[in-house]
Amino acid sequence: MMLGVCCALAPSAARAQPDAPPGVPPSMASRLAAEKIGAVQTGLYSAGDSSFTLTILRRDRYLLRFAGGGERFVLSMGRGSLGAKMLKYDTGTTALRVSVWGGLTLYTQDAPQGLPATRQGDAPADEVLAVSAPEMQTALGDQSGHMAYAQNIALKFAADPSVLAADPETRGRAFEALVSAGLGIERYLTMPGARQALAKRVNAVKIAAGGKPTVTLAGQTLLVSFVPGDGPEGRASSLTIQQELGKLLASSAKDVATK
Numbered sequence: 001m002m003l004g005v006c007c008a009l010a011p012s013a014a015r016a017q018p019d020a021p022p023g024v025p026p027s028m029a030s031r032l033a034a035e036k037i038g039a040v041q042t043g044l045y046s047a048g049d050s051s052f053t054l055t056i057l058r059r060d061r062y063l064l065r066f067a068g069g070g071e072r073f074v075l076s077m078g079r080g081s082l083g084a085k086m087l088k089y090d091t092g093t094t095a096l097r098v099s100v101w102g103g104l105t106l107y108t109q110d111a112p113q114g115l116p117a118t119r120q121g122d123a124p125a126d127e128v129l130a131v132s133a134p135e136m137q138t139a140l141g142d143q144s145g146h147m148a149y150a151q152n153i154a155l156k157f158a159a160d161p162s163v164l165a166a167d168p169e170t171r172g173r174a175f176e177a178l179v180s181a182g183l184g185i186e187r188y189l190t191m192p193g194a195r196q197a198l199a200k201r202v203n204a205v206k207i208a209a210g211g212k213p214t215v216t217l218a219g220q221t222l223l224v225s226f227v228p229g230d231g232p233e234g235r236a237s238s239l240t241i242q243q244e245l246g247k248l249l250a251s252s253a254k255d256v257a258t259k
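Residue 174 in our numbering sits at position 174 of the sequence shown, and the numbers go up by one each step.
I should point out that these hints are in silico values taken from the structure, not numbers from a laboratory. One or more hints might be untrue.
[Said to hold, decoys possible] As a list, the in silico DSSO-like pairs of lysine-lysine whose alpha-carbon atoms are at most 27 Å apart:
#1 K247 - K200
#2 K88 - K156
#3 K156 - K212
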């Protein structure tokens, strides 16, 4: 937005400076005030030892995927201080900060202070995942085997029959929900008392379609629901699943910690 008013009777006119916050020069205040929330530069980035892709989902939503990771995180965009844009996970935690001049900073659990990210090139286009029923069954069995081998936790992963009988794209969404569920459980297992609490309260994980993405307990089954028509936004991230498990199993973890 132009912040000056041109005088029609003079060939040159001064632009009015906006009121500047304390410690911010008027010239910088003008630049910050003129900045609008717009498109963040997508692409392939590197930050420290990490590399990731950032693609756009829609105007204020982006997809973040780390190299070697199977999960796509949905990031929502909002305002930060001094005109920065903040891209946040579905938990509300900041993933990326984009300065008013375009500099990008990545925040991770290992680098909460932030790492400067450098764009390396264009990111490949996101594709809609299509999964056959046999492939989905294999993925469920593989996830159960991975938990037993890598975490020494016995969990049976299953999908609702309606999901298995659905179209390939719906099964693709279910597969992504399965990936997020597995990673969320492994994130949860790093918390104090979590391993014993999970073993005591959960023996199965079921992926099902629903009206909204939820993480609930039904007996000893962890029910992870997704919304097929909402695309990547129709499932909870592994970070949210970790968070919800912490709430659902809080009493069990507390009992374990006091013994």
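Structure-based check of each hint:
1. Restraint check for K247 and K200: satisfied, since their Cα atoms lie roughly 15 Å apart, inside the 27 Å limit.
2. Annotation: proposed proximity of K88 to K156 is violated, straight-line Cα distance about 32 Å (limit 27 Å).
3. A threshold of 27 Å between alpha carbons decides the hint, and for K156 with K212 the separation of about 23 Å falls inside it, so the pair holds.
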